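2 protein chains.
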Amino acid sequence: MYVILVYDAAPKRGVKILKYLRTKLNWVQNSVFEGEVTEKSFEEIKSGLKTIINTEKDSVIYYTFDSKNYFERGILGVEKNEISSFL
Amino acid sequence: MYVILVYDAAPKRGVKILKYLRTKLNWVQNSVFEGEVTEKSFEEIKSGLKTIINTEKDSVIYYTFDSKNYFERGILGVEKNEISSFL
Numbered sequence: 001m002y003v004i005l006v007y008d009a010a011p012k013r014g015v016k017i018l019k020y021l022r023t024k025l026n027w028v029q030n031s032v033f034e035g036e037v038t039e040k041s042f043e044e045i046k047s048g049l050k051t052i053i054n055t056e057k058d059s060v061i062y063y064t065f066d067s068k069n070y071f072e073r074g075i076l077g078v079e080k081n082e083i084s085s086f087l
Numbered sequence: 001m002y003v004i005l006v007y008d009a010a011p012k013r014g015v016k017i018l019k020y021l022r023t024k025l026n027w028v029q030n031s032v033f034e035g036e037v038t039e040k041s042f043e044e045i046k047s048g049l050k051t052i053i054n055t056e057k058d059s060v061i062y063y064t065f066d067s068k069n070y071f072e073r074g075i076l077g078v079e080k081n082e083i084s085s086f087l
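Quick note, the sequences are listed as chains A and B, same order.
At position 69 of the first sequence the residue is numbered 69 (our numbering), and the sequence of numbers has no breaks.
At position 47 of the second sequence the residue is numbered 47 (our numbering), and the sequence of numbers has no breaks.
Hints are computed from structural coordinates only; laboratory data are not their basis.
Predicted, not measured: the structure shown is a model, and the values here were computed from it.
Just so it is clear, CB atoms sit at the ideal spot from N, CA and C, and this is done for glycine as well.
What you were told as hints is all true, and nothing was included just to trick you.
Straight-line distance between alpha carbons at most 20 Å, and here's what the computed EDC-like set of lysine to aspartate or glutamate pairs gives:
hint, chain 1, residue 1, chain 2, residue 2
1, A, Lys46, A, Glu36
2, A, Lys68, B, Asp66
3, A, Lys46, B, Glu79
For the chain B half of the interface with chain A, some residues (derived, Cβ under 10 Å), not all of them:
hint, residue
4, Ile4
5, Val28
6, Val32
7, Lys50
8, Asn54
9, Tyr70
10, Phe71
11, Ile75
My request is simple: use the sequences and hints to build the entire structure.
Shown next, in the form of structure tokens:
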């Protein structure tokens with residue numbers, strides 16, 4: 001499956017989320033990640049995030065797809081990360 | 001079509017992008033928007049954004065779908081905006 005994940009957290013936890021997700025998904029920009037993952041792996045990522053975020057204050061939203069063929073990806077301006085090499 | 005749009009811009013332009021997109025799409029969190037748009041409307045949004053961003057420094061990434069049925073949306077923590085009412 002393919003996942004797009006965005007988060008909005010207090011700075012201290014935001015840094016932890018960033019470091020954690022960099023080991024699991026591809027960084028896109030700011031607080032946005034993408035990646036191809038197995039369902040099991042994504043369950044582990046969610047579990048990991050739950051140990052980092054404050055569930056009453058922070059927000060992690062994810063969009064999952066059976067395949068990245070279901071969307072088209074476009075950009076205006078600069079590519080912050082050369083993720084296109086993964087896609 | 002349905003669009004998920006994320007941006008990463010210098011603060012001054014970020015505020016302008018936020019204000020502009022609030023009139024066009026549904027704010028999700030931080031610098032993330034979603035919405036059902038026509039192709040024509042989305043072309044206008046992209047044109048509008050091009051007048052705001054610095055295309056050598058800022059980044060706007062968008063994912064477009066024929067329908068929002070192609071993805072599942074999940075959340076950990078809080079919903080910053082009650083967009084679920086739109087979905």
